[in-house]
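Protein chains: 2
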Amino acid sequence: MTVKITIDCMGGDHGPAVTVPAAVSFVRSHPDAHLLLVGIEPAIRAQLKKCKAVDEARLTVVPATEVVAMDDPVEVALRKKKDSSMRVALNLVKEGEAQTCISAGNTGALMAVSRYVLKTLAGIERPAIAFAMPSQRGYTTVLDLGANVDCEPQHLLQFAEMGHALVSAIEGRDRPTIGLLNIGEEVIKGNETIKRAGELLRASTLNFYGNVEGNDIYKGTTDVVVCDGFVGNVALKTSEGLAKMLTDMIKEEFGRSLLTKLMALVAMPVLKRFKRRVDPAQYNGAALLGLRGLVIKSHGSAEAYGFEWAIKRGYDAVKNGVLERLVRAMEENAAPIQQAALDAGRANGATESNPANPAGPLPDGVAASRPNPPAPGEPGAALPSKA
Amino acid sequence: MTVKITIDCMGGDHGPAVTVPAAVSFVRSHPDAHLLLVGIEPAIRAQLKKCKAVDEARLTVVPATEVVAMDDPVEVALRKKKDSSMRVALNLVKEGEAQTCISAGNTGALMAVSRYVLKTLAGIERPAIAFAMPSQRGYTTVLDLGANVDCEPQHLLQFAEMGHALVSAIEGRDRPTIGLLNIGEEVIKGNETIKRAGELLRASTLNFYGNVEGNDIYKGTTDVVVCDGFVGNVALKTSEGLAKMLTDMIKEEFGRSLLTKLMALVAMPVLKRFKRRVDPAQYNGAALLGLRGLVIKSHGSAEAYGFEWAIKRGYDAVKNGVLERLVRAMEENAAPIQQAALDAGRANGATESNPANPAGPLPDGVAASRPNPPAPGEPGAALPSKA
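Chains as they are written, first to last, in UniProt numbering: chain A, 1 to 387; chain B, 1 to 387.
Note that these hints are calculated values from the structure, not bench results.
Worth double-checking, as some hints may not be accurate.
To be verified - Chain A regions said to be covered by chain B (calculated; three or more residues, Cβ under 8 Å):
(1) 48-57
(2) 208-215
(3) 272-278
Note that CB positions come from ideal geometry on N, CA and C, so glycine has one too.
Isolated chain A (complex conformation):
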């Protein structure tokens, strides 16, 4: 089957100069992919020409006349720019013209427009950004990484449900463990929101491990770690900064003198392997979970190679039927999980007056279920490729 992917070509710090070359390179290495390039037509065509891909059959330009700027407030993206590349790209998913949308645009805008266009899954008030971070025991799926600031306790419970559904769907695990990111393991730690979220999680039917700390993400203490988007984003960006500093330090140490440079030459195969493992570009592309459609958010500052990884993430997610599996897992689990929390009489922390969209059809391109359940460990959507 052909995998149809829409690209918000205008998103990110670099726009078409990055998104178009990445799309061209991706389509050339994936014979079953068809990419819809959405944005200001002349800008996209100019880049296609530069890449000598004017006649590429599986690249279709879809014009959009507006661009959501990286500093546009959510309201502007949502209400004023109805013909933005972001909106048009998401509409194509909604209409079943594509199975996933990749954008490096403004996170707040992407989240709001996605939510408006695609709607959320039953039981979910707010979508969250999820990513499988590498750990000493494999991967830790962390959410939210920046879609929501100021989360209420019930949002953290919903993130846990989505994380549970994603990991059980993708990795075939029965009862993935859930950790609540906090500043200490003890129940008394944290702010009020965290303490109440801990109560909701303990009362739920989820496999709640308890509080975890920042280092547990990389230790791999739990399969899933849930947190407020502000905290998750800081953890992610801090990690990026530290990884860069440490790899630069290794380079610096080996570059100190002729002797150390000779040592580097000898150790080159090992250093290269290490560098490949920590290359941040390959950790680009996180899933916006909780929507009735598949959206992948790329780092705004990604270069073409990194953006291509984000496209690959969306492509893999489609191939692995992640959305259908997630929907099925949510249907099976969300109701009893939330009911258990309600039964415990502790879910009265809910304040959002705008409950999640309870129904509505899935986008046309999405089958209601998949006949064959995934093999455990099969690589999937929000997970970095394990190759």
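Since chain A is already given, all that's left is putting chain B on it; use the hints.
Then chain B, alone, in the frame of chain A:
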């Protein structure tokens, strides 16, 4: 002059088994240090015997009959355990019997008891944990790293003032740059508290750079980064976890085969240098800033070598007159900074009904000022030793 340091020997995950050997080792390598070992006497004496330090002249045991447990709520530490090792150790600083106190105890309790015993500096409502994290351009002083969850905007402004005072006092910089930790550089980013803190900072006379992201800590974009204690603690712990995973990965890559082990042997001098630079033990010991006394918080899980680094941090802080310099810098700057924010009519976000302690004497051991201003770049208190 003799530097007198109190050690809360019962604090931390390991208690006297870690704190006493660290104290013994420290006193042996610092002939002008005198350590007061506070805690359950038999437990401390047993450890001293084990270290063959029973007759060490510059180690004095000060008995305390209670212990603040790592999971004791703040109220218990504050109201029920008035003869805890933590409280007695802090009292010795208050009474001028020692110039600094080192504790690996429960952060919340240490903060509350310190604040109660020592009181805060004029203009400061809440002490904050500050640490100079290594960056690609030297050091970035980050606060708060976990003393306060749920900060109000004016607390973040006060953290900025303290960071400003610390860096100008220690590094001799005139107008250190201040960054506000956020999830994007744009002014519109972040939650309401952050946005209001940004307004206060912009209206202040501080050298406010604007919003910074997690990676800027390690990039060294600003001299100081301020954040809520919850966020700061997650950033710190996440960094620890990632650093451990990356160094383990290097070990793993070099240990893969006989050939890679030979490569490691060749590259050993460089790898050792790198290991020394990233050794987490030497980054132990953060200053509790904003108090009328010098308190150093050690990691709860620190081993003896790491705890010794925390003692060293306190010792250096005393030698460098950090408290006096901080007090002077705060006196010179805090009033105009807060006034400017007030003048801008934006400081009405203040909600704390309990204003900072405006006056009160400094502990007896603390001189009001130091005759000689520090040379720029002179190593100091909250900074990791630059050797």
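For each hint, the structure was consulted:
Closer than 8 Å: that is the beta-carbon criterion, and the region 48-57 of chain A has 0 residues meeting it against chain B, so the requirement of 3 is violated. Given as covered by chain B, the region 208-215 of chain A passes the check, having 3 residues with a CB less than 8 Å from a CB of that chain where 3 are the minimum. Taking a C-beta to C-beta cut-off of 8 Å, the region 272-278 of chain A contributes 4 residues in contact with chain B, enough for the three needed, and the coverage statement holds.
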